[in-house]
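Trainee: Dock chain B against the given chain A, drawing on the hints supplied.
Number of protein chains: 2
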Amino acid sequence: MKFSCQKEDIVQAIQIVMKAVSPKPQTPILSGIYMKAEGNQLTLQATDYEMGIICNIEAQVAAPGEMVLAGRYAQEVIRRLPGTTVDFEYNNQEKMVYITSNRSKFSFLSMEATDYPTIARVEGRSSFQISDVILRDLIQNTAFSCSHEESRPIFTGCLLELKEDSILMAATDTHRLAVKSDTLEEFQGEQKLIIPSKLLNELQKILQSDMPRTVNISCSPTQISFEVDNVYISSRLIEGQFPDYHRVIPVEFKTAITLKTDEIKGIIDRIALISRTNDYNVITMEFANSMVKIYSANPEIGNGEEYGSAVINGDDIRISFNADYINDCLKLIKSPEFTLSLNGPLNSAGIRTESEPNFVYIVTPVRS
Amino acid sequence: MKFSCQKEDIVQAIQIVMKAVSPKPQTPILSGIYMKAEGNQLTLQATDYEMGIICNIEAQVAAPGEMVLAGRYAQEVIRRLPGTTVDFEYNNQEKMVYITSNRSKFSFLSMEATDYPTIARVEGRSSFQISDVILRDLIQNTAFSCSHEESRPIFTGCLLELKEDSILMAATDTHRLAVKSDTLEEFQGEQKLIIPSKLLNELQKILQSDMPRTVNISCSPTQISFEVDNVYISSRLIEGQFPDYHRVIPVEFKTAITLKTDEIKGIIDRIALISRTNDYNVITMEFANSMVKIYSANPEIGNGEEYGSAVINGDDIRISFNADYINDCLKLIKSPEFTLSLNGPLNSAGIRTESEPNFVYIVTPVRS
Numbered sequence: 090m091k092f093s094c095q096k097e098d099i100v101q102a103i104q105i106v107m108k109a110v111s112p113k114p115q116t117p118i119l120s121g122i123y124m125k126a127e128g129n130q131l132t133l134q135a136t137d138y139e140m141g142i143i144c145n146i147e148a149q150v151a152a153p154g155e156m157v158l159a160g161r162y163a164q165e166v167i168r169r170l171p172g173t174t175v176d177f178e179y180n181n182q183e184k185m186v187y188i189t190s191n192r193s194k195f196s197f198l199s200m201e202a203t204d205y206p207t208i209a210r211v212e213g214r215s216s217f218q219i220s221d222v223i224l225r226d227l228i229q230n231t232a233f234s235c236s237h238e239e240s241r242p243i244f245t246g247c248l249l250e251l252k253e254d255s256i257l258m259a260a261t262d263t264h265r266l267a268v269k270s271d272t273l274e275e276f277q278g279e280q281k282l283i284i285p286s287k288l289l290n291e292l293q294k295i296l297q298s299d300m301p302r303t304v305n306i307s308c309s310p311t312q313i314s315f316e317v318d319n320v321y322i323s324s325r326l327i328e329g330q331f332p333d334y335h336r337v338i339p340v341e342f343k344t345a346i347t348l349k350t351d352e353i354k355g356i357i358d359r360i361a362l363i364s365r366t367n368d369y370n371v372i373t374m375e376f377a378n379s380m381v382k383i384y385s386a387n388p389e390i391g392n393g394e395e396y397g398s399a400v401i402n403g404d405d406i407r408i409s410f411n412a413d414y415i416n417d418c419l420k421l422i423k424s425p426e427f428t429l430s431l432n433g434p435l436n437s438a439g440i441r442t443e444s445e446p447n448f449v450y451i452v453t454p455v456r457s
Numbered sequence: 090m091k092f093s094c095q096k097e098d099i100v101q102a103i104q105i106v107m108k109a110v111s112p113k114p115q116t117p118i119l120s121g122i123y124m125k126a127e128g129n130q131l132t133l134q135a136t137d138y139e140m141g142i143i144c145n146i147e148a149q150v151a152a153p154g155e156m157v158l159a160g161r162y163a164q165e166v167i168r169r170l171p172g173t174t175v176d177f178e179y180n181n182q183e184k185m186v187y188i189t190s191n192r193s194k195f196s197f198l199s200m201e202a203t204d205y206p207t208i209a210r211v212e213g214r215s216s217f218q219i220s221d222v223i224l225r226d227l228i229q230n231t232a233f234s235c236s237h238e239e240s241r242p243i244f245t246g247c248l249l250e251l252k253e254d255s256i257l258m259a260a261t262d263t264h265r266l267a268v269k270s271d272t273l274e275e276f277q278g279e280q281k282l283i284i285p286s287k288l289l290n291e292l293q294k295i296l297q298s299d300m301p302r303t304v305n306i307s308c309s310p311t312q313i314s315f316e317v318d319n320v321y322i323s324s325r326l327i328e329g330q331f332p333d334y335h336r337v338i339p340v341e342f343k344t345a346i347t348l349k350t351d352e353i354k355g356i357i358d359r360i361a362l363i364s365r366t367n368d369y370n371v372i373t374m375e376f377a378n379s380m381v382k383i384y385s386a387n388p389e390i391g392n393g394e395e396y397g398s399a400v401i402n403g404d405d406i407r408i409s410f411n412a413d414y415i416n417d418c419l420k421l422i423k424s425p426e427f428t429l430s431l432n433g434p435l436n437s438a439g440i441r442t443e444s445e446p447n448f449v450y451i452v453t454p455v456r457s
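One line per chain: the protein sequences are A and B, in this order. Okay, so the first sequence: first residue is 90 according to our numbering, each after it adds one. Okay, so the second sequence: first residue is 90 according to our numbering, each after it adds one.
A portion of the hints provided could be inaccurate.
Copies of the same chain are indistinguishable here, so a pair counts whether it falls within one copy or spans any two.
[What the hints assert, rightly or not] Taking lysine-lysine pairs in the DSBU-like style, the calculated list, with each CA pair at most 30 Å apart, reads:
no., residue 1, residue 2
1, 184, 423
2, 343, 354
3, 113, 343
4, 96, 194
5, 382, 113
6, 91, 382
7, 354, 96
8, 287, 96
9, 349, 91
10, 423, 113
These are calculated hints, taken from the structure and not from any lab test.
Here chain A stands alone, though its shape is the one from the complex (with noise of 0.2 Å):
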């Protein structure tokens, strides 16, 4: 195996598929990346079983074949390296790779491309397409809601439903619950998936390119794969029912509250100096006279108060919240003002924007 190929193309090629290389392998194989120099192309595999990413890039093959790159001291070098081109070649007797890039020469040792898992492309009971920005669009407005505890996997996924016209998006850790949806321009076939958001935060990063792309997606009963441009990402799906988001999200609240993001971002920042001392990270928001006062207290350490303005239509209203419940959703508004609409103290609310009618975030307070 030989072959030659920019620097940038390979060392960007190793940064996307690395995503799939768990910092734990369950395998010494599983910590390499699989490398397959055919016709004027190279392409990278890796997986951790549940991920698989495949990259393509152009290469000049002198000599077609197949190896693993292993650990990570190889994938250093290869982006330090001095020239603007980077030559391989792989001897299978010593399982030694050569690394040249201008007076640069590098051997690593390698491992067996014969023993890696390659990655079987998901064979689609169904496939349709998105364009990456929407795609991008809903995993920001959802993923983050989340779960990362891995003993309750259905909370972990988000939620994709495919209907005539819209695509949709829902997240939730049972704490909060965030749903974004979109218009599609042609019917693609109904779909209920729940998808790991590991994969969909990767498949964020891969997606933030300026340029506007498709993204083709093709599903199995038990597994889903990205495609754009030279990057494939396939994945497990989660088996299991996700909740219905609809019973959770009010049908109507009694105090509709408009506050200013910036100012109460700035705020919640920083109370939550405070809050953070304490067991459940609680802010205590209280609406009256035009103002909101947001607060905390640790009697360890000390409080902090600030008011903000608010225009409250409705109740006057004493609410609590964990503060990073809060603020993990205004730091994806990108509208001046927000709508906080609330029904006690002890029901659910929920945050929109006038800007994004699509996006709803439902949290649901502390008792304090």
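Mentor: Here is chain B on its own, set in the frame of chain A:
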């Protein structure tokens, strides 16, 4: 006690005195910052018993007094306050300090100022002055060579030597030695002091101003202090006899090699990715035919080698070093070229540059 001050001023002052707050304070009160308001001035103090820092800033003092501001929470809050001025009010009975800025109001449990070990000024047997630029340069070019092993205190400090018309700093961890000197405009008395490198590293950060300033240095047999603008830093000195550094610097070298600073730095950065996986971080340099070959090998990972250009005056030679010991020094060198002087593979090597004749770095090779 009641005062107000500019947020920017107090944030900067807290940042400076915090350098004397140990992450693991010996007693709870040493986790706090002593503050005293008097006249139109606020004095902040912190100490870990080894080092003490005093910083004065302007303040509008409505009621003079003193207190100890507790914990890192208060400091983080002040940094994030929304206004440009901050009001402080300390209530002796409650032992609470009230901090207000715009519509933000925080209160923190504080500690008794009477319990705080105030920092005594060093009553100098002698004192001298030096420009901050010269002092910063002396520290920057030597302190990195100090040892971190507390078991041999002498090597954790820098020697400061004041002679007729020169000031000199030297540091060694026994594997390498850095010496930097400068001229003084007037004779300020002879001195030989060993200053803890921890203090010098913090001092160097404080000396990062663009405006040239004068540093006043005072010393007693056991203490030293540095005063620059509104900041006063004092520290114990290290007792003992600093090794005779003159004996370590070879009088002459058999081979003198001129190398390109950036080229060699880049090569060592890459080859160190291999060498740092070994026990002693060993790289080997082979000089011949107007070239240097730098390489390292780890039988379990692989090899790296790279060539750079070299002007060799003297015999060809092969010599090995700890990669960090070379790169620590190259990082400091501003000249495009430097000279590596050698006396054979087992004798100390020297690094100098033409543009900085007052600096010399001696490093012991590794047997390989």
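Trainee: Would you mind marking each hint as holding or not holding in the structure?
Mentor: We went through each hint and held it up to the structure:
| no. | hint | in the structure |
| --- | --- | --- |
| 1 | 184 / 423 | neither (53 Å within a copy, 42 Å between copies) |
| 2 | 343 / 354 | within (24 Å within a copy, 67 Å between copies) |
| 3 | 113 / 343 | neither (50 Å within a copy, 51 Å between copies) |
| 4 | 96 / 194 | within (14 Å within a copy, 54 Å between copies) |
| 5 | 382 / 113 | neither (46 Å within a copy, 36 Å between copies) |
| 6 | 91 / 382 | between (67 Å within a copy, 25 Å between copies) |
| 7 | 354 / 96 | between (42 Å within a copy, 20 Å between copies) |
| 8 | 287 / 96 | within (28 Å within a copy, 41 Å between copies) |
| 9 | 349 / 91 | neither (60 Å within a copy, 33 Å between copies) |
| 10 | 423 / 113 | neither (37 Å within a copy, 42 Å between copies) |
The structure does not agree with the numbered hints 1, 3, 5, 9 and 10 stated previously, though it agrees with the rest.
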